[in-house]
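Colleague: Chains as they are written, first to last, in our numbering: chain A, 3 to 723; chain B, 3 to 723.
Hints were generated in silico from the structure; no laboratory data involved. For every residue, glycine included, the Cβ atom is placed at its ideal position computed from N, Cα and C. Among the hints, a few may not be true.
What the hints assert, rightly or not - Short derived list, chain A residues pointing at chain B, Cβ under 8 Å:
id, residue
1, A169
2, M318
3, A569
4, A573
Unchecked claim - Take a look, some chain A residues computed to stay more than 10 Å from chain B by CB distance:
id, residue
5, N176
6, P225
7, N283
8, S284
9, L427
10, Y439
11, S468
12, R557
13, P599
14, E615
15, K618
16, S638
17, K640
18, K643
19, R665
Protein chains: 2
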Amino acid sequence: MSKELDAIMQPKSIAIIGASTKEGAVGNEILSNLIKYGFTGDLYPVNPKAEEICGLKVYKSILDISGSIDMAVIIIPKDFVPAAIDECAQKGVKGLVIISAGYKETGAEGLKAEQALAEQVKKYGMRLVGPNCLGVINTASEVRLDASFAMALPRAGRTAFISQSGALGAAILNLLEDLKVGLSQFVSIGNAADCTTETFLDYWKDEPNTDQILLYMETISDPAEFSRLSKEVSKKKPIIAIKAGRSAAGASAASSHTGSLAGADLAADALLKQSGVIRANSVLEMFEVAQAFENCPIPKDKRVAVITNSGGPGIMATDAICELGLEMATISDKTKEYLRSFLPAAASVKNPIDMIATAPLEHYPKTLEAVIADENVDAIMMISVPFANVDPMEIAKTVMDVKAKHPEKPILCVMMTPSNFFNELSKIKTNIPFYQYPESAANSIAKLYQQRVWMERQEGKTPNFSVNKNKAKDIIASALKEGRGQLTTLESIDVLDAYGIRTCKYAFASNVNEAANEANKIGYPVVMKITSTKISHKTEVGGVIVGITSEENLREEYDALIQRLEARNIAQDLDGVIIQEMVKGNREMVCGVATDPQYGHLMMFGLGGIFVETLKDVAFRVNPLTDIDVKEMVQSVKAYKILKGARGEGSANIDQIEETLLRLSQLVTDFSFIKELDINPLKISDKTAEGVAVDGRIEVNMEEAKKALGLGCCCSGNCCS
Amino acid sequence: MSKELDAIMQPKSIAIIGASTKEGAVGNEILSNLIKYGFTGDLYPVNPKAEEICGLKVYKSILDISGSIDMAVIIIPKDFVPAAIDECAQKGVKGLVIISAGYKETGAEGLKAEQALAEQVKKYGMRLVGPNCLGVINTASEVRLDASFAMALPRAGRTAFISQSGALGAAILNLLEDLKVGLSQFVSIGNAADCTTETFLDYWKDEPNTDQILLYMETISDPAEFSRLSKEVSKKKPIIAIKAGRSAAGASAASSHTGSLAGADLAADALLKQSGVIRANSVLEMFEVAQAFENCPIPKDKRVAVITNSGGPGIMATDAICELGLEMATISDKTKEYLRSFLPAAASVKNPIDMIATAPLEHYPKTLEAVIADENVDAIMMISVPFANVDPMEIAKTVMDVKAKHPEKPILCVMMTPSNFFNELSKIKTNIPFYQYPESAANSIAKLYQQRVWMERQEGKTPNFSVNKNKAKDIIASALKEGRGQLTTLESIDVLDAYGIRTCKYAFASNVNEAANEANKIGYPVVMKITSTKISHKTEVGGVIVGITSEENLREEYDALIQRLEARNIAQDLDGVIIQEMVKGNREMVCGVATDPQYGHLMMFGLGGIFVETLKDVAFRVNPLTDIDVKEMVQSVKAYKILKGARGEGSANIDQIEETLLRLSQLVTDFSFIKELDINPLKISDKTAEGVAVDGRIEVNMEEAKKALGLGCCCSGNCCS
């Protein structure tokens, strides 16, 4: 694939089809940018009606050009594009950047045109960026390609950037000077008819000028491929992404627990987390963090030292560092002693180290070098508030000199100065990131540390348990044959059992005598629960009775239950009751699966019982899960402390709970048509410490399930309508 | 008080005691700032060794000056200050600003000197700002006072600012141009030997040039007075505060539930919330918000419309708006229809309204005016990403023109442009706030709306219930007489009962026969709990047995309990057991009181049972509580939904729960020596819907309690040591 994209990102010759004589027109601006930015290859404007544009000879058709052409930028109206592509193919062009709009962003007809475009390009074996995009940029000195119509010419650096929004991409290119990040390559992906975000993740994996990758995304078109590539790339090159649309009202309206929790952004957030992508929530944050990655090594650990010449900002830095989960380093006695030898009496040699307002210039490098040498320190934030005695630019230069000598630890500098200082700074070459406020530096250190954690994260495995797949399949098939996509509680528990998930002992009874009989076999105390294909949320109708201590007690409770259902006029919906072993324990967790239309199965784990929806102490991951994923899921909920026995109950069997999640993952991987699944509660047994599925609910997508299981329609076509 | 401070903030004549000829010296910079800023009154440098400084005649002593002197700025070494103050008094000086350092910030000796200073000033009836401060500023055109040694001369505006950090104050004064906020007055409060933050809150309450107040605080020296004043002032003038030190490791090491939750910052955060102070977490945020308050009316409600020329930033704005608890306005059909009449087909007339990239200048005012007129819209964010077709400054001016004509709704403008645009902007007069990124604007709208909520918040009342104070007092006194500050469970519950808090029926039994007897009286099922002055955390030793159904059952459980205690070798610590009515219900809340050394009693309410410490779904307020405070507390926890019956249990009696908190507030107000108090759980009875105190724990500060109750020492002096 690399080779193919070289035609677009490192062309030797470009035809600009639709080059325009009119200043301000896109076809003029792109050509003008290409020239201004000093493209190292040959440029061939194509326009049947012009002779010369920007001093270059214009060709009537690409076929009139004598030299060979690697890439064409197409800016002509949509309807003329297919013919132009035919000519490009004839000319041997390998790469296209189509700026022209009017495709899928305009509706169904545009979409059709776009699909035709993609097929045409594929047929010719070309690669395409766009349509409806801003263009592409490669700042490498041997290329100097700016085939975009953004106003600003980009500053060169080692950061590659993809924008799924052309306008935002343009805005960011304009802001790059302010944002103090230099680009290696930039791609406005447009409608992504051919090349996608994933295509460029792959291309940049081994691109020698790119050390980190920034993404502005509004959708992730191929989550599985995105995740696979990101996992690979991000171990070597940090990926920092904005995924916009966090708040979109896309939450499933499903009534299940998992469904109502799994909002639009949960799946995306889980996927980014699992894939090692560092998420930023604003353009400013993305570039602040990018600055840190551009200039800092990845810290060994999370112990931060703050050096300041003013107490207030030191306190604010400490607040931010602690809130972000980092630690304030404990300065070693040796370092403290040395600092005391030259800092004034009023200075503080504890972290934050306060050199006080009158600190002369020479105290900066002396203090900084001592702190770099301290083994207790992994990263350093240097804060300076300007006073009349020292020029802030001198301080900046001094700190950069120290960094040049000691590149081993991240040093981030906060200069609480007016922006004219930063304007000055943008004119010189820097080797550390500079921020105006301590909070920005602290957040950047947190993200550097996140990268360290990711780099050291073990490669996870998705185990393959020996399970009774056929039994599960038969249960589902028999429900489908009855025209049901919603399994009964009993069926659901049987499916879980078939996959080796610990469920409590249970039996079905269709009347009170059978119930008494089964309860006598299981042994008291038991739980009695209604089972019904029609009644959901059993607790709300008083359909779950716990602590039944004897046969007599059971018969009383059964009668009372029937009366309650009759009062609600739903007694006729009762299929029977389940008699269950009563698992003793106060701790109730929940496991669940929801289906996101784009990301597929979304796995949930957290605090269960009546708290699921109110407290939302749950973690999500996109299926399939690895052993490392489930470990992280279980440990990330607050209720983990409860699982570990915070109040003296003894620890739950964490390994077994993790295995439960892995088995669930295998279940929904095997039966991808499972739409929703809840185990609520997964009760922690006081006796065995295991998580026991006390209740279960599984719903399948009937149409997909029938297709997958090879079942025809069983209900005269009604169920599939 | 106002009159007194006028001598400092609006002096007609100032003596600069310690004026210096040496450039860069503080005594030179202050005089030079006073002159450069155009002080409208008379300036008298005082220095025994100089003839002329900055062109002004220098006096050997303040007594040599012939005119009268309102205020003296003192910059001489600490040891010479007392004599200088004596002379100031002799001269009739009313106000002092003491820049000199070396006071309490240096230790015990300095503190003594500072206390002497305060007394001396008080004796003379003067007011004092400092010592160890940066100075004071009043930008009013009839005053033009800059008696500070900050580098930058402040821009005039309608915002007053107090800094408890001199260095940070200086940094912020330097940054004011960037921060786009103008000051009315500035005070560096220094060590606050006399004038405090509270003094100036009071002074600015009716100060005609001040519309809003900014605070940078590291401590709140008098929380009660701060709260009283803030409540009053903030209804008219928004107060925006940074309270640094959020992360300080000041959490009480107490083992109680409430103690371990009440971290250093909880009290401060609760106090700010109760007092109507808008909290900012960084300098940047404080000034971004201040800009909004300076330029915007307070919105009627929280429905925000976003107008943009680029989809990406529109989505990011929507994300931020929703995450901050604001709402995206539903644009009315009438407005939509009108917008459709002139916006291009590709534009979106739904919120966010996307005028698309090519929007000409005239679309900005047309769209904006239509949205202002829409009754569904309370606040507007206008976002522009610059393209070659329109000059961003023209857009800014157009938006400001619309604002001038329609001042009724907040309009916040986001210009995603490089900072040179903002540099240009700082040179002209603006009437709306401008931000570089949508997240800043969204946060500012959220804070404007917070002010609306505060302004409309009812004045709360602290009711006075009829309680049995004497009974509570007697119970505490009898524990104290036994040398205990920790009340037993039974005593604790009796105290709560005396204050009209619903506790469950209970009785004490010292042996199994008594226990059976009491249980028979209360009626089964009952709960049996150990009571002991020595054993804390009863569940951990298996000391709480629920669901005892009969006398036989009770006798079995009692025997088992004794065996468990014997196994731990603590059977001898058992005083007896409490037999309690078993309150049926699944919902367990917690009420608690902790004592913060500075803020006093900190009241807690939230989700109880085993979840308190892990889930931390709790709300805090500083005592005393009003009826509005408790309403907000109860509604602010996530578990409120559970209280309201999220899963079909029926709503708890919310009024009664609120009353419980108010009665607790009265209890700890009456007995201020109560150190810690926990009701965990406050169980919601399924039968009555009331919150019932099922367990209680009260600990008093013995020394304070004895003093307050007039008890002598009862244990040969050991208990008070």
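Colleague: For every hint, state whether the structure bears it out.
Modeller: Results of checking the hints against the structure:
no. : hint : result
1   : A169 : holds (3 Å)
2   : M318 : holds (5 Å)
3   : A569 : violated (14 Å)
4   : A573 : violated (18 Å)
5   : N176 : violated (6 Å)
6   : P225 : holds (19 Å)
7   : N283 : violated (7 Å)
8   : S284 : violated (5 Å)
9   : L427 : holds (12 Å)
10  : Y439 : violated (5 Å)
11  : S468 : holds (36 Å)
12  : R557 : holds (18 Å)
13  : P599 : holds (19 Å)
14  : E615 : violated (7 Å)
15  : K618 : violated (7 Å)
16  : S638 : holds (13 Å)
17  : K640 : violated (5 Å)
18  : K643 : violated (4 Å)
19  : R665 : holds (26 Å)
The earlier numbered hints that this structure contradicts are 3, 4, 5, 7, 8, 10, 14, 15, 17 and 18.
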